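Take the given structure of chain A and dock chain B to it, following the hints.
Each protein sequence line maps, in turn, to chains A and B. Per the working numbering, the very first residue in the first sequence carries number 1; after that it's consecutive. Per the working numbering, the very first residue in the second sequence carries number 1; after that it's consecutive.
No lab work stands behind these hints: they were computed from the structure. For clarity, every value in this text was computed on a predicted model and none was experimentally measured. Keep in mind that the hints are not guaranteed to be accurate.
Unchecked claim - With a cut-off of at most 25 Å between alpha-carbon atoms, the simulated SDA-like pairs for lysine to any residue come out as follows:
{"no.": "1", "chain 1": "B", "residue 1": "215", "chain 2": "A", "residue 2": "95"}
{"no.": "2", "chain 1": "A", "residue 1": "43", "chain 2": "B", "residue 2": "160"}
{"no.": "3", "chain 1": "B", "residue 1": "160", "chain 2": "A", "residue 2": "95"}
{"no.": "4", "chain 1": "B", "residue 1": "480", "chain 2": "B", "residue 2": "491"}
{"no.": "5", "chain 1": "A", "residue 1": "43", "chain 2": "A", "residue 2": "60"}
{"no.": "6", "chain 1": "A", "residue 1": "43", "chain 2": "B", "residue 2": "480"}
{"no.": "7", "chain 1": "A", "residue 1": "43", "chain 2": "B", "residue 2": "421"}
{"no.": "8", "chain 1": "A", "residue 1": "63", "chain 2": "B", "residue 2": "413"}
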Amino acid sequence: MGLAKLVLRRLALGVLTLFLVSLVVFAATQALPGDAAHAILGKSATPERLSALREQLGLDRSKTSQYLSWLRGAAVGDFGTSLAQGTTVTSLLGFRLKNSAVLVLLAALISVPLSLLIGAWSAYRRDGPFDVAHSLVSLSLASLPEFVIGILLIMLFSTQMFHIFPAISRIPSGSSAWNQPQRLVLPILALVLSVQPYISRILRASMIDVLESDYVQMARLKGLKEWTVVARHALPNGLAPTIQATAISIAWLAGGVVVIEYLFAYPGIGSLYVDAVGSRDLPVVQAITLIIAALYVGLNLAADVITILISPRLRTGLQ
Amino acid sequence: MDDQQREISTDTDRGFQGRYSRRQALKGAAALGATVGLGSLLTACGSSSDTSSSASPSTGTPKKGGDLLVGVATGSAKDTLDAQMSINEPDIARQFELYESLVGHDRNYQIVNLLAEELTPSPDAQVWTVRLKQGLEFHDGKTVTADDVVFSFQRILNPKNPKAGAEQLQGLKPSGIRKIDDRTVEFALERPNAVFDVGLAYYQNTVIPIGYDPKKPVGTGAFKFTSWRPGLDSDFARFDNYWGQVANVDTVKTIEFPDDTARVNALLSGDVHMISNLPGAQITVVQADSSFRVLNSPSGGWIPFTMRVDIPPFSDLRVRQAMRLIVDRPQMLSLALNGQGRIGNDMYAREDPVYASDLPQRVQDIEQAKSLLAQAGQSDLTVELPTSSDYVGFPESAQVIREQAKLAGVTINVRKLDSGTYWDGYLKFPFAQDFWYTREYLPQCAAGSLPEAPYNECHWSDPEWVSLVEEAFRTVDVDKRKELCHAAQVIEYERGGYIIWSFNNQVDAHSTQVQGVYEDKSGIPLMSWHFNTVSLG
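Chain A with its partners taken away, still in its complex shape (with noise of 0.2 Å):
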């Protein structure tokens, strides 16, 4: 069937573009000043301290040998020992992974459908009240960053006005985020805040245009029920640019987790990250460039393929 074909193919290109990323993640690496043993040793790096460590962390081969081995063992699932740590990096990502897993998912849960709804309402009833302030509201949040909501929303709930919430969200070791769910919400409200306005503004637009359309005019001249209309005949076109917004959007949180994270200071990858790429140590930046690649990669697939199942003329258009 031609749907599978076209996954197979996407699925090997996406293979050969997390290749690449990684070779470019390796290059740009290597462009940086100082390498990891500077990074560990900081201010205490004399020419004897730095010798003993990068002999012992493998930073006295060559780079084409070091990124061979990495490559070697990447390609069986082994992402090798982190330079600054010395345990393995999946290890160190296990649950941080978790982590930033359940961030991402939880705003993604909360903003697509509240995005939807909201976008979808704001279409239907366009130019009344609650489009208005629809539109206001969701111009606003669109053009702050994240950090900025986020430190608001800390002012507001955490240290200046009420103390509802913890203004940080360390989860204590040996417990998940998951039993912490109070110090999930302000994140996970930053995060949807950023996103939600993106994908509803998408969607209204779009759906404006569909319930505009002849076909639905024509729906509702056959003396359909208004909610047929709708859902049946309207909302699966309008779904079709939102869908690719939707993936684009579910992707950056996973890299607007980054920022997000480090103003709560949350375990996860993103400040993993951000960390690692300070201390120069290289597999760990690989591999979770990658992930986030690979994240990219997979969401845009399944976007494309939901597009064509939900769109009748693609559907058709592949058998």
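Frame of chain A, contents of chain B only:
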């Protein structure tokens, strides 16, 4: 003995009785003068005789139990638990909690015995003998013996991989460490070192058991290891068999916050009890809230500008002096550090009794600076100043000196670098910044000014100065040594490569729930991370 009594006697023991006579003679005068600089804002609950000033009613016996939560600045996955190789602030915090040296510094930066019962130099200060206290225990129950001390110092001095405190042990080679009996070790130096005790007191030179494994850290400190997540937090528990004052709290958890805002927010929202390094701009915010206190400790810590004396433009003495005359120190202190500190006079080691406080305070003199620059043919001098946000006051003071230099026609291009890049180059940049905690004069020379010093950032090697300092190291007579150190400081004051514009206060903060905190002159945050006196009310 109740807790209060025990605490006072411990403090006395650590402060005075335990000190050997030569050191006592040297520091006697200083100890008299070294009462705390500012009146303490804080309740030093049930605390020692010398620094307590009870602003709120003392509760007598400190409350036992509780989990102390401490917010620490910086923190990274590259952190370490190594007892002798700490680098970042959280590393140093863990080091003070878990491990101890033979001797150490008290809150007034006086040397006190820790694991040592007695430290005796030979008359020529070439052989130093240390006798351990009786019945000292490691966290795993093993007794601390001379073998452990020998092992610890051989590890520090490992020529292939020297640990952070190696350069402080001037004159000691691994072969000079000898066990005399189970509790006695002899350090036979290659050359006399009259201040070897200060090197032993350096916090990186800790004593660890034979076969020490940083992955399963065992030490003698007031807290023992429970768990650790690099870059996130560490959990330690009270060590009940501690030789000194056993901690009041059950556990101490240090939580790492690379972001200043997050750290302050954590305190304000009640997530932690104490935080280190309160940013200057937040001092008034914290002071305004009656449930928090600022712990402001004057210290001998300094944040110099470093000028390389071996390459142009600063190889010309006139240019160096012009730069020193450009700086308006009171203004820089007030703008860059919110006034939290004391102005400097281009010499370090403010807390050492040998500090040359008699030299006239250097003040801004733009006319003189201009004329010196003109003589040197550098009237339109342009220099680059790399900086990073690694330390409180770094980028701020860089901005201030840029503005002040404009008055004399000097262009300073401030270039902000990320941490890795900055420390990769700071010993090579012609013009840069650094930070140092409190240190005595000669040990500071060994770390940063002697030609073979590992951090000789000014590339300083003035022959006259070097011979004075080397002689001072050999000189046992306190007064004679002080004279030599004074002469050396005059040289640095007249032609050195440092611009030392302040001695910064260490500013931390805590909630009023926390009792038993005190000011500490070391420049190391939160009472040098000693939490055994702290209780949670």
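For each hint, the structure was consulted:
no., hint, in the structure
1, B:215 with A:95, "20 Å, holds"
2, A:43 with B:160, "19 Å, holds"
3, B:160 with A:95, "36 Å, violated"
4, B:480 with B:491, "17 Å, holds"
5, A:43 with A:60, "21 Å, holds"
6, A:43 with B:480, "34 Å, violated"
7, A:43 with B:421, "11 Å, holds"
8, A:63 with B:413, "34 Å, violated"
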